[in-house]
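One line per chain: the protein sequences are A and B, in this order. The first sequence maps to residues 1 to 392 in my numbering. The second sequence maps to residues 1 to 185 in my numbering.
Do not rely on the hints blindly, as some may be mistaken.
Unchecked claim - Okay, derived cross-link-like pairs now, DSS-like style, lysine-lysine, Cα gap no bigger than 25 Å in a straight line: (1) Lys-160(B) <-> Lys-118(A); (2) Lys-229(A) <-> Lys-138(B); (3) Lys-145(A) <-> Lys-229(A); (4) Lys-127(B) <-> Lys-139(A); (5) Lys-160(B) <-> Lys-127(B).
Stated by the list, open to error - Under 8 Å between C-beta atoms, here's a sample of chain B residues computed to sit facing chain A: (6) Leu-78; (7) Leu-83; (8) Ile-89; (9) Ser-97; (10) Asn-100; (11) Ser-107; (12) Leu-117; (13) Ser-135; (14) Thr-141.
Derived from the structure by calculation, the hints contain no laboratory data. All residues carry an ideal CB built from backbone N, CA and C; glycine is no exception.
One-letter residues, chain by chain:
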Amino acid sequence: MGYQPVPITGLSFVSSIGSTIDDMVKNLSTQKRGLSFQHRFKEFIKAPLGEVQFQTSGILTPQDVIANQLHFSITEIAKKTKVFERYKPEEIGFFFGTSTAETYSLLRQIELMFADKKTCLENYLSPKNNHGFLVETMKEFFPIKGINATLTTACSSAASAIAEGFYAINSGLVKACFVGGFDILNPLTICGFNALQIHDNQYCVPFSIQRKGMNLSEGGGLFLLEKYKAGTNNQTHAFVKGVGGASDAFHMINSNPEGFGATLSMINALNCAGFLPENIDYINAHGTGTQSNDASESTAVAKLFKTPTPISSTKAFHGHALGGSAAIELVVCIAALQNQKLWCGIFEDHEYGNTICHAKQGLLKKPLQNIMSNSFGFGGNNMSLILGRTWK
Amino acid sequence: MEKAYLVYKQSLEILPGHEFLENNQLLRRMTPLQKVSVEIFALFKKNADFIYNNVIQKLKTPIYFATKYGEIQTAMQLYSMILNKDFPISPIAFQHSVHNCASGYISILHGLHASHLTFSSGDSSFKNATELAISKIKSGTLSSVCVISADESRQLGEVKASAKICVIANPNHFEGLNSYCLKEL
Chain A
1 MGYQPVPITG
11 LSFVSSIGST
21 IDDMVKNLST
31 QKRGLSFQHR
41 FKEFIKAPLG
51 EVQFQTSGIL
61 TPQDVIANQL
71 HFSITEIAKK
81 TKVFERYKPE
91 EIGFFFGTST
101 AETYSLLRQI
111 ELMFADKKTC
121 LENYLSPKNN
131 HGFLVETMKE
141 FFPIKGINAT
151 LTTACSSAAS
161 AIAEGFYAIN
171 SGLVKACFVG
181 GFDILNPLTI
191 CGFNALQIHD
201 NQYCVPFSIQ
211 RKGMNLSEGG
221 GLFLLEKYKA
231 GTNNQTHAFV
241 KGVGGASDAF
251 HMINSNPEGF
261 GATLSMINAL
271 NCAGFLPENI
281 DYINAHGTGT
291 QSNDASESTA
301 VAKLFKTPTP
311 ISSTKAFHGH
321 ALGGSAAIEL
331 VVCIAALQNQ
341 KLWCGIFEDH
351 EYGNTICHAK
361 QGLLKKPLQN
371 IMSNSFGFGG
381 NNMSLILGRT
391 WK
Chain B
1 MEKAYLVYKQ
11 SLEILPGHEF
21 LENNQLLRRM
31 TPLQKVSVEI
41 FALFKKNADF
51 IYNNVIQKLK
61 TPIYFATKYG
71 EIQTAMQLYS
81 MILNKDFPIS
91 PIAFQHSVHN
101 CASGYISILH
111 GLHASHLTFS
121 SGDSSFKNAT
131 ELAISKIKSG
141 TLSSVCVISA
151 DESRQLGEVK
161 ASAKICVIAN
171 PNHFEGLNSY
181 CLKEL
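For reference, chain B alone in the conformation it holds in the complex:
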């Protein structure tokens, strides 16, 4: 049995007006859920370049993206158009309505070709993604997984989005990673 360690973790909450680390054209079109996902990954890359370069890049670490309900604000916008017979509905909003859009954007922005999986099981989403990641690392199927969880909610008329990121890895597979181990899982 191999070992799985948490080597990085961070949480983030964004509200309208948030200043993003990497501003680009794609970001302007994104939903709050996609923005917070992209931003937390950019923060991770900035704060933990050793882990990013050696674990994410070199070892083609897959991203497991977990979301309770997915793009609910976008679904609301699209369904409002359908109910009002406002056809054609927005093609951009439609492509942004799939649950795996946020992880797709992370892979596009950072040129990551490792596969990314999206988990959507309500409150169990993050737990399912993390448990599968740990199981696959312990069984030797994978050396590392980057788990990102994100959701959005509307409060007092504003859409708030929150995310957390956990990088789980087997330190025996990367020289120098031992000093980054936070907790054995």
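Same shape as in the complex, but just chain A:
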């Protein structure tokens, strides 16, 4: 099946480096991090985290915070795009990615169960205790009746959702589709990554010789994808031109050192877009800053991209927002295409400098037309997305 580029006609996001493209560009251009040692999880971790200001009102549980954020994002996008006026409810789909949205509510039920000295958690679970609660709630608020699902593929969750939206539009299942993902920090995730010893206790520096791990963050974004119609006046932020997924089939948390799954997901995305590697002008890497990821991703990129293609990880600025990360990085890519700028971490001592081409802050060798964004998750869930400035 041949695929057509899919326009992104609406977006709404929240990240530790801003919730508007202007703020994000300003922070990236001045290399201002959204990470801080002052955060609400000081009792669990000393490392910096990237906290965000979600769109909320009143005192809410973290799951309600994401529900509020989703409601805000859909409302904001709908206001600008008039999506609900232009399409019937069954023509509008929704794919949402998350890895931690329901964690807090689950932990709360576990606490209640422990307080009752019981062991059967199922008796304490309600419809709220699953990730899909958010999509179901949004379907009650908005006229969205097309194909929909909640996907949870760890750190590539939002990328998986964006990919499914791309397929749904291309195959004619829906004419418009909300896609994206959000995650919110919680004690389980923070203590878990601490146990794996992959936090950097200082600011993370992906692809630097000095790198020691990642900085966790939260946030994400929601996008409206629509079927392309030539000559329409709707604003298009960028075009999703290709998507590709692959499984590492190697280890639950470590990446294949040969970068097999990463290479495969990038090849699949290129094939989907009908591109060769030389059609890609910049790679926004998954680049967590861990030894395992950066070595594997560098190897994969070096294998596939024979001509020097600038690569950087903007997680140095916004941190790793887990399931919401791909959505934030898609906004970074949109900002890069719109502003014709590249951003990279604050360091000079690049590792793998003789095999991959590290992007230089603000410097472009040729105009940015097409960008690849990688997202890799636990369980070997690898996703690559290709974003273009123009439809052709």
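Assemble the complex: chain A is given as a structure, and chain B must be docked to it using the hints.
Same frame as chain A, now just chain B:
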């Protein structure tokens, strides 16, 4: 419009003491949810080698894994450690707490490099995964999907895990698959 057929289905329930088809080191560390998922896939491979070899392997069939609540027993174990300030919490348990761990293990054990998606929408999880699989096959986006649904529950102090597997395919894309078609979807 292409056609989508159910070509294989099976259900399985396991309790502690279950004898597994393929015993290996990874299995010993797995949660009940992961074990039942791995076991039902191994049973499918054993019972339907034609479909496994020609559909799953040759055509790089994606796995859609559906779970209502995911790894709730593991989440319980980890949160108990956090409440008791038993730090660091178990790194193995943490890596086993993500919803897509079971499908990750299936891909690792069988060397499957096709992408695997995990759906978690409570009671709608399996329905969502199956509906998307059928839609993608009918629209020609995919030729086949392997849908696995699994969940675990604690009853009378024992953790019981149950799973079901459905392989959905377009028989026009595989020679010889027509005779395996159970139902048009």
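Hint check:
no. : hint                      : in the structure
1   : Lys-160(B) <-> Lys-118(A) : 17 Å, holds
2   : Lys-229(A) <-> Lys-138(B) : 24 Å, holds
3   : Lys-145(A) <-> Lys-229(A) : 22 Å, holds
4   : Lys-127(B) <-> Lys-139(A) : 16 Å, holds
5   : Lys-160(B) <-> Lys-127(B) : 22 Å, holds
6   : Leu-78                    : 6 Å, holds
7   : Leu-83                    : 7 Å, holds
8   : Ile-89                    : 5 Å, holds
9   : Ser-97                    : 7 Å, holds
10  : Asn-100                   : 4 Å, holds
11  : Ser-107                   : 4 Å, holds
12  : Leu-117                   : 6 Å, holds
13  : Ser-135                   : 5 Å, holds
14  : Thr-141                   : 5 Å, holds
When held up to the earlier numbered hints, the structure conflicts with none and fits them all.
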